[in-house]
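Protein sequence lines correspond, in order, to chains A and B.
Residues in the first sequence are numbered from 1 upward in steps of one, following this note's numbering.
Residues in the second sequence are numbered from 106 upward in steps of one, following this note's numbering.
A couple of the hints might just be wrong.
From the derived model, a few chain B residues whose C-beta atoms are all more than 10 Å from chain A [said to hold, decoys possible]:
(1) Asn-113
(2) Thr-120
(3) Tyr-123
(4) Ala-159
(5) Phe-185
(6) Ala-189
(7) Glu-190
(8) Gly-233
(9) Ala-242
(10) His-281
(11) Phe-291
(12) Leu-310
To give an idea of the chain B side of the interface with chain A (calculated C-beta under 10 Å), a few residues [stated by the list, open to error]:
(13) Pro-154
(14) Thr-304
(15) Arg-305
For the record, the hints were derived by calculation from the structure and aren't laboratory data.
Quick reminder that beta carbons are idealized off the backbone N, C-alpha and C, glycines included.
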Amino acid sequence: MTDEPEHIARRFLSLDRMVHEPARLAIMTVLAEAEEVEFRFLEAVTGLTKGNISSHAAKLEVAGYISVRKEFRGKVPVTSYSLTAHGREALASYRANLRATMEPG
Amino acid sequence: MTPTDPHNSQLAILTRRYAAFSRSAGGLSSVLGGILVLITYFVGALAFPESLWARLALASAPIVWLISRQLLRNRYYQQFGRVAEPVPSSDRRMHKGMIIFTGVVAAGVISFVLYVARDEPALLLDNGMPGYIAFVAAMPVIVWRYLHTPLDFIVGVFLIAQAALVLTGSGYSLGHQIQAPIAAVFFIGIGIRQHLDFTRLRRELSQLGVSA
Chain A
1 MTDEPEHIAR RFLSLDRMVH EPARLAIMTV LAEAEEVEFR FLEAVTGLTK GNISSHAAKL
61 EVAGYISVRK EFRGKVPVTS YSLTAHGREA LASYRANLRA TMEPG
Chain B
106 MTPTDPHNSQ LAILTRRYAA FSRSAGGLSS VLGGILVLIT YFVGALAFPE SLWARLALAS
166 APIVWLISRQ LLRNRYYQQF GRVAEPVPSS DRRMHKGMII FTGVVAAGVI SFVLYVARDE
226 PALLLDNGMP GYIAFVAAMP VIVWRYLHTP LDFIVGVFLI AQAALVLTGS GYSLGHQIQA
286 PIAAVFFIGI GIRQHLDFTR LRRELSQLGV SA
């Protein structure tokens, strides 16, 4: 049987921890639905603080899951994020793995 | 979505609905576009304005529409921050087709005007002709930059074509370009529905503890 508790535990442990963290999962979920998302919307829709978004986004950027674009609109700095192809794959595979772990037999 | 993350499912749906207002959903600007088409169509066909100022007012319809559309989009429908809607490749291809089509038509019309005026170049400066040529030449650029959906295209191109004609002292007669007023009615209905959806979306975002 492949659904032994050990096997399920192994599957859980093999989940991508970069994606599994709730704040990062929320950020990636939002980015997956758009071509590019401004910082302000992420802050609004996820309810995360500015500092939290910045630090998680920095980790996702280092992992190559998201790309960051900074520009000035007038005198106001604007930061926008988008999911990279690598990030999209990671999110899809995370979801597939989690689903497989949760589904019975 | 996994079966265990309803919050993230909700995030995804909210983002998708909000992102639509960056590109494909016009809301109140679609309502305004539809109303402008109906006004310019019926005024142009039934009560063509003789005075220059009235003609200029009628010809300004596409400019008024495009400016209000951008303002509504930037200041109202994307008030929680800009979120760019993803564009499927089929939509990209269709948009490219619309740009090429208007580019070819504009080039044909301008070439014809230049051909007709080859012996009498003064014609090019007569009777609103510079404005006509400017509108026709701008058409593919406007389609490329602002008109993304088929309804946007029908309504926008009609407004531009009507503006170009009005400047030369003519306009479409009743029964011609009938697709424009029909599309306008759909445009108004869709715009109202989109706007109501946005007001619901705004409430939902506010319930998440969000303020614009």
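(request) Would you check whether the claim that Asn-113 of chain B is not at the interface survives, using Cβ distances to chain A and the 10 Å cut-off? (result) violated (4 Å)
(request) Measuring Cβ to Cβ, find out whether Tyr-123 of chain B lies farther than 10 Å from everything in chain A. (result) Given that some Cβ of chain A is not farther than 10 Å from that of Tyr-123 of chain B, nearest at about 7 Å, it is violated.
(message) Would the non-interface assignment of Ala-159 of chain B survive a Cβ cutoff of 10 Å against chain A?
(response) holds (37 Å)
(message) Does Glu-190 of chain B clear chain A by more than 10 Å, comparing its Cβ with all Cβ atoms of that chain?
(response) violated (7 Å)
(message) Checking hints one by one. Is Pro-154 of chain B an interface residue toward chain A, by the C-beta closer than 10 Å rule?
(response) Because about 39 Å separates Pro-154 of chain B from the closest Cβ in chain A, which is outside the 10 Å limit, the hint is violated.
(request) Mind verifying the non-interface call on Thr-120 of chain B? Its CB should be farther than 10 Å from each CB in chain A. (result) violated (4 Å)
(message) Less than 10 Å between beta-carbons is the criterion; does Arg-305 of chain B satisfy it with respect to chain A?
(response) violated (15 Å)
(message) Does Phe-185 of chain B clear chain A by more than 10 Å, comparing its Cβ with all Cβ atoms of that chain?
(response) Non-interface label on Phe-185 of chain B violated, nearest chain A Cβ at 5 Å vs cutoff 10 Å.
(request) Answer holds if the nearest beta-carbon of chain A is closer than 10 Å to that of Thr-304 of chain B; otherwise answer violated. (result) Because about 17 Å separates Thr-304 of chain B from the closest Cβ in chain A, which is outside the 10 Å limit, the hint is violated.
(request) Just double-check Ala-242 of chain B for me: nearest Cβ-Cβ distance to chain A has to come out over 10 Å. (result) holds (30 Å)
(request) Classify the label on Ala-189 of chain B as holds or violated, using whether its beta-carbon is more than 10 Å from each beta-carbon of chain A. (result) Violated, because the least Cβ-Cβ distance between Ala-189 of chain B and chain A comes to about 4 Å, which does not exceed 10 Å.
(request) Evaluate the condition: distance from the CB of Leu-310 of chain B to the nearest CB of chain A exceeds 10 Å. (result) Leu-310 of chain B is in fact no farther than 10 Å from some Cβ atom of chain A, at 6 Å.
The earlier numbered hints that this structure contradicts are 1, 2, 3, 5, 6, 7, 12, 13, 14 and 15.
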